[in-house]
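J.: Sequence:
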Amino acid sequence: MRGFLPALCLALFLTLPSALPAVANEGAAGALPPSVRIKPLMVPVVNAGRIEKYTQVEVNLEIGDALKLGEVQLSIPRLHDAILTAIYRGVDEGWIVRGNIANVPALRRRIDESVVAMFGKDVVSRILITPIARQSSLQ
Numbered sequence: 031m032r033g034f035l036p037a038l039c040l041a042l043f044l045t046l047p048s049a050l051p052a053v054a055n056e057g058a059a060g061a062l063p064p065s066v067r068i069k070p071l072m073v074p075v076v077n078a079g080r081i082e083k084y085t086q087v088e089v090n091l092e093i094g095d096a097l098k099l100g101e102v103q104l105s106i107p108r109l110h111d112a113i114l115t116a117i118y119r120g121v122d123e124g125w126i127v128r129g130n131i132a133n134v135p136a137l138r139r140r141i142d143e144s145v146v147a148m149f150g151k152d153v154v155s156r157i158l159i160t161p162i163a164r165q166s167s168l169q
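To convert, note that position 25 of the sequence shown is 55 in the numbering used here; the numbers rise steadily by one, no gaps.
A few of these clues could be false.
Okay, derived cross-link-like pairs now, DSSO-like style, lysine-lysine, Cα gap no bigger than 30 Å in a straight line [stated by the list, open to error]:
| id | residue 1 | residue 2 |
| --- | --- | --- |
| 1 | 69 | 83 |
| 2 | 151 | 69 |
| 3 | 69 | 98 |
| 4 | 98 | 151 |
Here are the computed distance ranges between Cβ atoms for each label pair [as the list claims (entries may be wrong)]:
| id | residue 1 | residue 2 | range |
| --- | --- | --- | --- |
| 5 | 119 | 80 | 15 to 25 Å |
| 6 | 135 | 88 | 14 to 24 Å |
| 7 | 151 | 82 | 31 to 41 Å |
| 8 | 106 | 62 | 13 to 23 Å |
| 9 | 105 | 78 | 33 to 43 Å |
The hints are simulated quantities; they were obtained by calculation from the structure and are not laboratory data.
In this text, all values refer to a predicted model and were calculated from it rather than measured experimentally.
A virtual CB, placed ideally from N, CA and C, is assigned to each residue, including glycine.
Throw the hints in and build the complete structure from the sequences for me.
T.: Structure (structure tokens):
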């Protein structure tokens, strides 16, 4: 029994250093998935047939399939046009009211439909839409 306790302590001591990094790695944040940022889009805010001001919207696409990142990056001009079309459709549908996005899920769905049509399903895993600036119109 006397030899068993020191052997147990030695075994615990030898396994402790290898167990600590495993615990540290589990809690550490992993690398962020690749993403593509679409340059800010100018959206006019129309009220009573007049452009009252402009708002800028930025869209980031999180790429779920890293092998498709290059293809998505090469298609940024097409993505820009498709997203701008979705935003203008959102203005027409009432999803964007006076520059504020009132129905974010519907706008995301419309952008996702465009992305799926371009690249297929599961290439883009997440869509982030951020309003970034507002400007008054010139009078």
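J.: So which of the earlier hints does this model not fit?
T.: none
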